[in-house]
Amino acid sequence: MTRRLRIAVDVGGTFTDATLTDPETGRVVSAKTLTTPDDLARGVVDGIAAALAAAGARPDEVREVVHGSTTGTNALIERTGAKVALLTTEGFRDVLEIGRIMRPQAGLYDFSVDLPMPLVPRHLRLEVRERLDAEGRVLVPLDEASVVAAAEVCRREGVEAVAVCFLFSFLNPEHEERAGAILERLLPRVPIGLSCRVCPEIREYERSSTTVMNAYLTPIMGAYLDRLQRRLEAELGSIRLSVIQSNGGSTSVETARRLAVTTVNSGPAGGVVAAAYYGRRHARDRLVSVDMGGTSFDIGLVENGTSATTTEGSFQDLPVRIPIIDLHIIGAGGGSIAWRDAGGALNVGPRSAGAEPGPACYGRGGTQPTVTDANLVLGRLSPDYFNGGRMGLDVGAARTVVGRLAAELGIGLEETALGIVKVVNANMVKGIAAITILRGIDVRDFSLLSFGGAGGVHAVDLGRALSMREIIVPPLPGTFSAVGLLVTDRRHDYVTALGGIQADQADLASLERHYARMEAQAVAELKGQGFGRDAMILTRIADLKVTGQTYELSLPLPRQSPFDAAGLKALVKAFGALYRERYAFFFEGEPIELVNLRLTALGHNPSLELMRHPGGRADPSAARKGERPVYFEGGGFIPSAVYERNRLCPGMAVAGPAVIEEETSSTLVPPDATAQVLDDLGLAVPMDAGGRP
Amino acid sequence: MSKIDPILLSVYARTFKSITDEMSISVEKTTRSPILCEAKDFVTGLYDAEGRMLEQTENLPILAFSLAPVCKYIIEYFKGDIHPGDVIFHNDVFSMGNQNNDVAVYKPVFFEGRLVAWVAVKGHQADIGGAVPGGYNPNAKEVWQEALRIPPVKVYEKGRFRKDVWDLIFANIRFEIVQHDLRAQMGACTVGERRMVELLRKYGVAHYQAHKKALFKATRKMMEAEIANIPNGTYHGEGYIYYDGHNLGSKYTIRVTIEVRDKSIKFDYSKTDRETNGFVNGTFTSSASATLLTLLQMVNPDIPHNEGMVQPIEIVIPAGTVLNASYPKATTFGNHLCPPNADAIIRALASVMPERVTAGWNNLLCSLTTGTDLEKGEKYVDIGFMGLKGGSGAMKGTDGYDHIGMIDASGGVLDQDYEMFEQTTPHLLLKHEYIPDSAGPGRWRGGLGVETVFRIGSDDTQVVTFGDGDFEPAFGLFGGGNGTLNIIKLIYPDGHEVIPRNKDLITGVPKGTVYFQQAGGGGGYGDPRQRDRKTLAREVRDGVISSDAARKLYGLDRAATE
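First to last, the protein sequences are chains A and B. Using the numbering used here, read the first sequence as starting at 1 and increasing by one per residue. Using the numbering used here, read the second sequence as starting at 694 and increasing by one per residue.
Bound conformation, chain A alone (with noise of 0.2 angstroms):
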């Protein structure tokens, strides 16, 4: 038998998602497992053998996992990772603490917005003597004794990771080195992350900034994904194991560990990359896609067909210099717990009862109300189908916990219930707002593509809200973000700082061997990780910057190789376009610099392909297996049609009120609205165009 599936493994907060494809027959087969917080590979096993089962299939027909991680997200989040120490430049103790702005432009007038805690303290900053200058070259040699000092005080203070960011290290790499090699040669335990490898450029804050989160993550993504591959080739031998990475693409287990940095945020950004993906399949190019699980509600953008990824985003508000989906995150999801606050006013989140003890209805020990709980006590959620009957809801334990707080606010038990759903969704949609129509994009022409265990619930409420013009919600909504960690690539990015060289002087030979360099590592790498030659695409990329300004344009070499006079004319004139298109102008004939040189470099996956299913009668009552009371706002409770999702056809119309169940999720149809099926049994709802002027 040869090994031909491909397994995606997206852990969350509360949930471990495992979707399994074969590549020959396109069958797509998901399971969904409870995450396992005190050991996080544990749940990934869990997950992988469910979908096996599942499935039918055997532990050695698996070529690939690929893994969405949370480790770092979390690790970031609670304020987990390692001990850190960062050596610096002498005197520039603080630059981790005062960075480049003091605070958010949004909170020019608001004095109490807290800046975010540095993630190495002050104490454990530590100066070194040591200096060069602007062009790289050394004004004042590495005092090796300030290191060993350095390491010392490591060593007392049990650091578990140290960052080393010197200024101009990006030109020069020496000292850096120097330095490393003497710390890891006095702290052989402790992993020694300089910047000149993680993040070569110029701009010591973002550069020492990246370099930090790196050391922050390494020792605990390190230690997981040992666990992790020992648990998996013990499970299912010899397979691939792939990690999902905040550009949306994929790398190697090694390369994550390396750059731990890199993983932070890769479960939405699969996320978003499934979005995509959807849209283009259904000829949808702009889509919010809204994820919504147990723990958090991640927001992405999808504008002309793809998610955008910047270099200049950040983590927790924190700096970080390497390409990343953009994306929104807020606390909230089923296992939100509502609560009453001091003025009295009813509250939902952030905080959440996540996967232990979970929401009350789980009947593992949860004490407080949350959106499950809510949304169960509404009848919009099956006390007996959740996860897809596995796991039992308990109905008297949701409303013992919602009539608590129904008693603390005076009013009822419905009304709480739908209080609580409908204070989640206001916070929802204020995150959605934040990086729309906060930045000006008006909603109104998009789809909500909603997935998620709890998403599809909510998802029609929200589109409402913001006036969208269709609300969709894919097929195995309760998995969907493992649907991205399938169909992306392997993607490597590779940089070079050249520190300016002026575009008209520029010695191409030398630039042609920079990039084939990388090319060579680039190809080296993925050949190593079992891509062929003819899977690999390379691209590369420039930033250039008109002489005497400070910021670069990043673009692709229009003729990509080899990098001669006319290649570098085609790129002069690239960037003077590109410069119009976003500023409105340019400065014709003034001289232009070379900045950094990139290299892009994908391996290609075999892309998936979601099962048709035959078309049938607009009538659904064949996929109708009963009927249960549902609580709608002014409606109070009404009889609601239940439907099975997998039982639907496409061109089915389920109208409104009902319920449309799967295994790992529920989408609802208030009583005026219509959901249509899709060919892959997608539910699409169009709504009116309500507000247009």
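One or more hints might be untrue.
What the hints assert, rightly or not - In silico DSS-like links for lysine-lysine, alpha-carbon gap of 30 angstroms or less:
no. : chain 1 : residue 1 : chain 2 : residue 2
1   : A       : Lys83     : B       : Lys1124
2   : B       : Lys964    : A       : Lys430
3   : A       : Lys422    : B       : Lys914
4   : B       : Lys1089   : B       : Lys856
5   : B       : Lys765    : B       : Lys856
6   : B       : Lys906    : A       : Lys430
7   : B       : Lys696    : B       : Lys914
8   : B       : Lys964    : B       : Lys944
9   : A       : Lys545    : B       : Lys856
10  : A       : Lys573    : B       : Lys856
11  : A       : Lys83     : B       : Lys765
12  : B       : Lys959    : B       : Lys914
13  : A       : Lys573    : B       : Lys1069
14  : B       : Lys851    : B       : Lys765
15  : A       : Lys422    : B       : Lys910
16  : B       : Lys1124   : A       : Lys430
17  : B       : Lys895    : A       : Lys430
Hints are computed from structural coordinates only; laboratory data are not their basis. Only a predicted model underlies this, so the values are computations on that prediction, with no experimental measurement involved.
Position chain B relative to chain A; hints supplied.
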């Protein structure tokens, strides 16, 4: 008549903001002077056909509230002689400009043949002619010793470039970089114009006009609700200016009387001291901007910045006072009268708004170095933005911000990037770190000050200083202590030291001289002995509060033994 849609109202407000934000990014990315591209000493704005503010991106608020008055002045000045493709420059402080160096570019936006809006970008230029490179001339007594005056003038007319006008302006400005940067400001205006036209194409002019009006009304209501929160009454406060650049020991007092009546507020500066004979004078718009930005810090920060916001506010500043100099007085220092002006307002309102005021902020002390970069053979100007930023005042419940800088920027000024600093100036940076014990002690402490040291790399360098905060420290409130003072020091290669006055011009500074600056801390709020002990212990370990100060000022020992 278009129906008002509450969701679209929000789309309009946010779109205006995203337009001015996008213009701001454009300026930041396409200018060359570090004052603009690194420190963001500029403002972008959008105005309606009558010059009323629709939205602004206020990287540096002290520049911000002169744009709408100048826009109105331009509309009146050209009396309808405004056409598609016009581009207008302006800096003149005697026609509502705030400071000579802050040159604004205005561009009218036409849609379907009608003037519908204006876009504008105002930025601090590296030079503006006058007697001293960089524009700060402590010896000036009249505007002509400071700068080239630019009343409204078209550099493009109906899309045609006015080479003659352009050359006249730039024949009077030292550095070529200013031409590049003003071209960048024009580019950003085109970005804004393009976006505004897109918006109008989508919704139409009538729809825009109706929603704009509704937006002004809604915003006005928000501001009125904030003012209604302040108890009715008349409040007085003072702030002090030390040294006018000519008479040693001179001191001037800003006196403000604030009248709060239900939903309106009036700031009356009639009792403020007379103008000086030097450049320590405000202009009406620089002083009014100072008043507005200080008030904005005390109210709901989510109020949109448009005409509706300013309607309930009245500001009276008689001409001839130090906050509103008469023609043709020198005024370059005017922006920097914001700190003492803010001090006066805070002192007036502290007792009635104890939850909203901050303690005193570190007053700006700034320097500007100019010279020739020997390696590049080019002239340069550097305002040491990373050196001048001290701590802000603490507030109830919140420490002041460390090294945030002058209140006139409201913390919006970026620090220079060290590596960019060395690529764009001939200097070598030796140190940039927080100063231990600089923060005013308090239950909530002031922000920390910062120490900056660099070696001057150009010969025959000129150093201009301008500012305050070396006589009077940032004040504490409600039992909080004061921050530390500012100081600038030049250590010459032969070892002798020069401490410039706070408004001074030092010429012939040799290469290798070490420039040393401390920007002081902000004032504290509340009794320092009530400061959270865990936080205090962490600060002692981190070395930002010495154990000595922790004992003496914060009573750490006593608490630890109890």
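Status of the hints after comparison with the structure:
1. At most 30 angstroms may separate the alpha-carbon atoms for a hinted pair to count; Lys83 (chain A) and Lys1124 (chain B) meet this at roughly 26 angstroms.
2. Taking the CA atoms of Lys964 (chain B) and Lys430 (chain A), the gap is about 47 angstroms. The hint is violated against a cut of 30 angstroms.
3. In summary, the hint linking Lys422 (chain A) to Lys914 (chain B) is supported, as the alpha carbons are separated by about 27 angstroms, within the 30 angstroms threshold.
4. The hinted pair formed by Lys1089 (chain B) and Lys856 (chain B) fails the criterion: a straight-line CA distance of about 56 angstroms is larger than 30 angstroms.
5. Pair hint Lys765 (chain B) plus Lys856 (chain B) holds up; C-alpha atoms about 26 angstroms apart against a cutoff of 30 angstroms.
6. Annotation: proposed proximity of Lys906 (chain B) to Lys430 (chain A) holds, straight-line Cα distance about 24 angstroms (limit 30 angstroms).
7. The suggested pairing of Lys696 (chain B) with Lys914 (chain B) holds, with an alpha-carbon distance near 20 angstroms, which does not exceed 30 angstroms.
8. Distance check on the hinted pair: Lys964 (chain B) and Lys944 (chain B) sit about 15 angstroms apart at the alpha-carbon level, within 30 angstroms; holds.
9. About 27 angstroms separates the Cα atoms of Lys545 (chain A) and Lys856 (chain B), which keeps this hinted pair within 30 angstroms; it holds.
10. Note on Lys573 (chain A) and Lys856 (chain B): the hinted pairing holds, with a Cα-Cα distance of about 26 angstroms set against a maximum of 30 angstroms.
11. At roughly 57 angstroms between alpha-carbon atoms, Lys83 (chain A) and Lys765 (chain B) are farther apart than 30 angstroms, so this suggested pair is violated.
12. The hinted pair formed by Lys959 (chain B) and Lys914 (chain B) meets the criterion: a straight-line CA distance of about 17 angstroms does not exceed 30 angstroms.
13. A C-alpha spacing of about 27 angstroms is found between Lys573 (chain A) and Lys1069 (chain B), which places the hinted pair at or below 30 angstroms, so the restraint holds.
14. Taking the CA atoms of Lys851 (chain B) and Lys765 (chain B), the gap is near 20 angstroms; set against the 30 angstroms cutoff, the hint holds.
15. At roughly 29 angstroms between alpha-carbon atoms, Lys422 (chain A) and Lys910 (chain B) fall within 30 angstroms of each other, so this suggested pair holds.
16. Restraint check: the Cα-Cα separation between Lys1124 (chain B) and Lys430 (chain A) comes to about 43 angstroms, which exceeds 30 angstroms; the hinted pair is violated.
17. With a CA separation close to 24 angstroms, the supplied pair Lys895 (chain B) and Lys430 (chain A) stays within the 30 angstroms bound.
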